[in-house]
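Q: Listed here are the chains, written in short residue letters.
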Amino acid sequence: MKLEYTAEHQAFREEVRSWLKANVPAEPLKSFDTEEGFQQHREWEAKLYEGRWGMITWPEEMGGRGADLLQWLIFEEEYYAASAPLRVNQNGIFLLGPTLMEYGTEEQKKRFLNGMATGKDIWCQGWSEPNAGSDMAAIRSRADLSEDGSHYIINGQKTWSTRAVWADWCFGMFRTDPESERHRGLTFILVPLDSEGITVRPIPQLDGLPGFAEIFFDNVKVPVDCRLGGEGEGWSVAMATAGFERGLMLRSPARFQETAKRLVELYKANQETADEDPSIREAVLRAYMDAEAYCLTTYQTACRLMQGGKIGAEASTNKIFWSELDQQMHATALKILETRGELLPESPDAGDVGRWLDGWLFAQSGPIYAGTNEIQRNIIAERMLGMPRK
Amino acid sequence: MDFTFSEDQLLFQESVRDFLVNEITPDKIRQLWETDSGRSDELWQQLAELGLTGLTVPEDFGGLGMNELDFVLLAQEAGYVALSEPLVNSVLVATPLLSECGNSAIAEQWLPKIASGEARAVVGLAVNKLVEDAHCADLLLLEKDGAIYAVEAANASLRANESVDPGRKLFAVDFDPATAVCLADGDIAQALINKALNRGALGVAAQSLGLAQRMIDLSVQYTSERKQFGVAIGSFQAVKHHMANIAYKLEYAKTPVYRAAYDIANDTPRAELSVSHAKLAACEVADLAAKNSIQVHGAMGYTWEVDLHIFMKRAWAFNSSYGTAGFHKNRVAAALLADNAALGAGATF
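Line by line, the protein sequences are chains A and B. Residues in the first sequence are numbered consecutively from 1, following my numbering. Residues in the second sequence are numbered consecutively from 391, following my numbering.
If you're looking for bench data, these hints aren't it; they were derived computationally from the structure. Because the structure is a prediction, the values reported are computed rather than measured. There's no promise every hint is true.
[Stated by the list, open to error] According to the in silico footprint, chain B covers these stretches of chain A (three or more CB under 8 Å from chain B):
1) 85 to 91
2) 159 to 165
3) 316 to 326
4) 372 to 378
[Claimed, not checked] Here are the computed distance ranges between Cβ atoms for each label pair:
5) B:S553 / A:I375: 36 to 44 Å
6) B:L727 / A:S134: 40 to 48 Å
7) B:G688 / A:Q39: 57 to 65 Å
8) B:L727 / A:K110: 51 to 59 Å
Beta carbons are placed, not taken as given, at the ideal position from N, Cα and C, and that holds for glycine.
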């Protein structure tokens with residue numbers, strides 16, 4: 001065990017820091033759940049790509065730096081510390097990209113990875129359906145192979161598709177074998193959202209912005225070369241997408257450590273009134289310690305993976321831990337802010353406190369999306385502890 | 391950067407675990423409860439033969455010359471079996487205190503005997519009020535009025551107390567400083583006392599991880615066998631979630647404990663903060679393990695016969711040992727609220 005960065009790591013950190021300092025927009029971008037903000041974030045992705053900072057863990061020939069997981073964590077630490085923009089193409093670069101590298105044909109890699117990395121193509125996910133939420137194997141949207149075998153004809157409906165309103169492509173699972181049940185007979189397909197027969201209906205989120213959408217498929221024709229992996233193998237491809245390393249990339253500790261830092265600062269600035277409720281001090285300490293623990297455990301896992309270790313149930317323990325931490329931190333901040341806690345960011349008297357309300361609203365989604373925390377608890381009990389399924 | 395244990399450290403853990411799980415069975419624990427001392431000389435000798443009693447004793451004095459990081463996984467295993475012999479405090483608290491106290495005569499006199507298992511030393515800090523295992527100690531290192539004294543067993547008078555945990559033996563200890571050797575006083579004593587407290591808290595934290603794991607294992611086994619409504623009660627989500635809540639929190643208590651062991655072993659400036667975080671997180675998860683485990687055991691968990699209480703009661707006792715939660719929270723608060731506190735992304739290492 002050695003809990004110190006090497007000189008190379010320090011130098012890498014400095015390099016990231018100075019690039020971000022020179023390039024992060026001085027004025028925060030608009031929310032990418034608005035049309036204007038979406039475009040701004042797309043441009044930011046292009047800029048990251050130009051500097052080869054778009055996806056540093058990707059191989060150099062794909063525009064990355066072949067960085068290891070520790071460099072990734074360092075990059076993220078600097079990224080969040082610099083308040084750099086959120087990643088509008090995260091579904092592409094964090095989830096689909098690595099899956100494509102594993103399951104895609106050479107032609108598919110050539111065709112899709114570059115557009116994903118430059119921000120030209122923004123991807124959304126198509127998993128959930130009205131009757132397939134936590135029970136994802138209940139997917140019913142169909143993809144029928146045409147008689148000449150050249151394309152699929154897709155019919156059905158996907159929902160809760162984040163950033164689908166302005167996205168260019170959708171990846172998801174469809175039932176290619178109508179006789180099949182549950183996890184069998186599903187196929188992973190990439191669908192251009194400008195295809196004929198697609199209707200995207202925005203769904204306003206808690207903050208009123210159309211952050212996600214329903215996607216309706218009405219005889220949508222998709223060429224077979226948009227299939228990722230074999231027909232009927234969609235479930236195992238999808239499970240790779242949901243795997244831990246992707247999870248680690250999506251929710252790196254830096255984000256929560258920065259929130260914890262802001263919370264400590266908020267508490268210090270308002271300590272006299274905050275201490276009227278003794279539970280607030282306790283919650284601030286807990287926020288710091290939990291964010292720290294999340295960082296420590298992530299580093300431990302990253303080191304283990306780099307030494308050839310295997311992933312256990314970390315994806316599930318992580319998901320519960322960070323999502324509940326995020327809620328807890330924002331709830332505490334709103335208590336400290338007292339009556340200002342309800343003010344929308346644009347209110348004249350909100351100052352910069354509105355960011356906490358935004359974060360609080362967003363934190364409500366954490367325990368729900370990507371498998372509810374109840375599902376994660378079942379997974380921990382059954383797969384990690386070996387408790388009986390039935 | 392490498393946040394993993396070495397092959398050797400993991401192998402050592404495995405062999406110690408095998409030994410402890412085979413030797414310190416619940417039956418054996420119950421037998422020891424029935425004895426006067428509650429301790430076993432035979433067991434202590436076995437621990438000595440494994441090199442454990444001399445683990446942190448310098449090699450020159452017959453020990454293994456290892457450090458807190460080498461021991462932390464073993465302390466976790468000691469917790470897993472609710473070991474009552476004073477091994478963890480001897481290795482983590484008494485031995486380093488003797489090594490670092492600056493009195494080489496005392497160190498030379500006692501450390502070889504500690505390594506060989508001939509003698510046992512215990513530490514009594516003001517923070518704990520009572521002294522654990524004073525009855526089986528040959529040497530007592532006692533804090534009194536801000537100084538530290540080495541007191542031979544014959545010169546200490548003991549008043550025994552019973553703990554809710556029948557495995558813990560606690561004593562009020564009195565002695566006449568004139569019959570003792572003053573090892574340190576003033577600032578030097580304060581620094582030594584603080585280090586001893588940190589090491590003791592680390593030991594409690596590491597053992598709490600093991601206790602939590604043991605309670606999970608017992609509960610998973612019980613709920614997989616016990617049937618109601620025609621099925622194993624462990625198949626019910628309400629029961630599963632009680633267990634999952636312990637299991638995921640345990641993962642986030644382990645790394646703070648390992649980091650604390652690293653920080654103490656390397657004497658880093660953040661050691662005190664790391665230890666307090668570790669103690670809070672580990673005791674909290676052991677406490678939750680106790681609460682949820684007795685619940686899923688139903689009435690069986692409330693009995694003396696079922697083994698759960700061996701581990702549950704140890705966890706309860708540990709809550710306030712080597713610093714209450716309030717004490718450690720105040721230390722974390724002091725570090726966080728300091729003007730120059732290093733916080734946020736990138737400040738962890």
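Q: If a hint holds in the structure, say so; if it doesn't, say that too.
A: Right, here's what the structure says about each hint:
1. 85 to 91: violated (count 0)
2. 159 to 165: violated (count 0)
3. 316 to 326: holds (count 4)
4. 372 to 378: holds (count 4)
5. B:S553 / A:I375: 36 to 44 Å: For I375 (chain A) against S553 (chain B), whose Cβ atoms are near 42 Å apart, the range 36 to 44 Å holds.
6. B:L727 / A:S134: 40 to 48 Å: holds, 41 Å
7. B:G688 / A:Q39: 57 to 65 Å: Holds, since G688 (chain B) and Q39 (chain A) (Cβ atoms, about 60 Å apart) stay within the stated range.
8. B:L727 / A:K110: 51 to 59 Å: holds, 54 Å
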